[in-house]
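Novice: Here the sequence shown stands for residues 1 to 267, where the numbers follow UniProt numbering.
Among the hints, a few may not be true.
With a Cα cut of at most 25 Å, we get these calculated DMTMM-like pairs of lysine to aspartate or glutamate [to be verified]:
(1) Lys-159 to Glu-221
(2) Lys-159 to Asp-204
(3) Lys-159 to Glu-184
(4) Lys-131 to Glu-141
(5) Lys-159 to Glu-219
(6) Lys-131 to Glu-161
(7) Lys-159 to Glu-206
(8) Lys-159 to Glu-141
(9) Lys-131 to Asp-149
(10) Lys-159 to Asp-231
(11) Lys-159 to Asp-128
(12) Lys-159 to Asp-214
Hint data in this document are derived by calculation from the structure and do not stem from the laboratory.
None of these values were measured; they are calculated from a predicted model.
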Amino acid sequence: MLPSSLNIGILCCDLERGRFLVDRFQQLRLVATVLTRETLPDWLEKQANTLVVIDLTDPDQRMIHTRTALETANCFFRPVLLLSERDHEAFEETDPFHYLHPDFTLRELRLSLELACFRHRVEGQTADAVKFSQMVMQQSEQALIQVDDCGAVVYMNTKAERLTGWMLQLARGRRLIEVFRLAEPDQVVTLEAMLAVGDCHEHDPETVMLHPYDGEPLEVECRWAAVLRVDQSVYRYLLSFDAVPMPTPIHAGHKKTKQFQSLARTS
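Given the sequences, and given the hints that come with them, work out the whole structure.
Specialist: The following block contains the structure:
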């Protein structure tokens, strides 16, 4: 009999052929020892702590049958399917059993895990794309703030930090209107309305009065754009803005120069 207090291990098996694939949460490897139903309990007691067994001989069987067959060995049963090494990485920080159901057939289980692995790969590709976009944003000469579809700040580059007076660590997760503070109430209402309706249209540049976290109000020119998903819903908003340059004052001494006088005549 197996001990009742068992640690987690995962075993994929073909009881008919006596082949077992073991996953130690490190890598997948084939156990060379040929096992049978008779030798299974002894091997488990020596080699594996609590393990997971699937009989791969019948892809349409209900896995609960396998559990019933192993109850005499006091096995703690949690089903799992063999994964490729690449897909196995998908579960290093995720509980794969979240995707399983005790009444799944093996075919349904395979589809469930394939979907989980696909989601993981897509999330990984999305994370890489986000890192790249943030790198591009940092190199931009414009101040840029990235906002999610709920109106919360996701990312802002260094120039946006400087103009708004907010550090990214403090701004992330806050509503855009808290970070990009507008002095005019009607402009605040307009901005909130755009976020509420999921405005996905690109707008012409607009000049607004920005009120930094700690500083004097300054005039900025801003542009609003949306990044869309495949279904045309809003994935992210991107607000780009820059301070409007102040006109260069003309000194009294300069007015007397011949250059200024000639410019005055032609104007």
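Novice: Hints broken by the structure, by number, lowest first?
Specialist: The structure breaks only hint 10.
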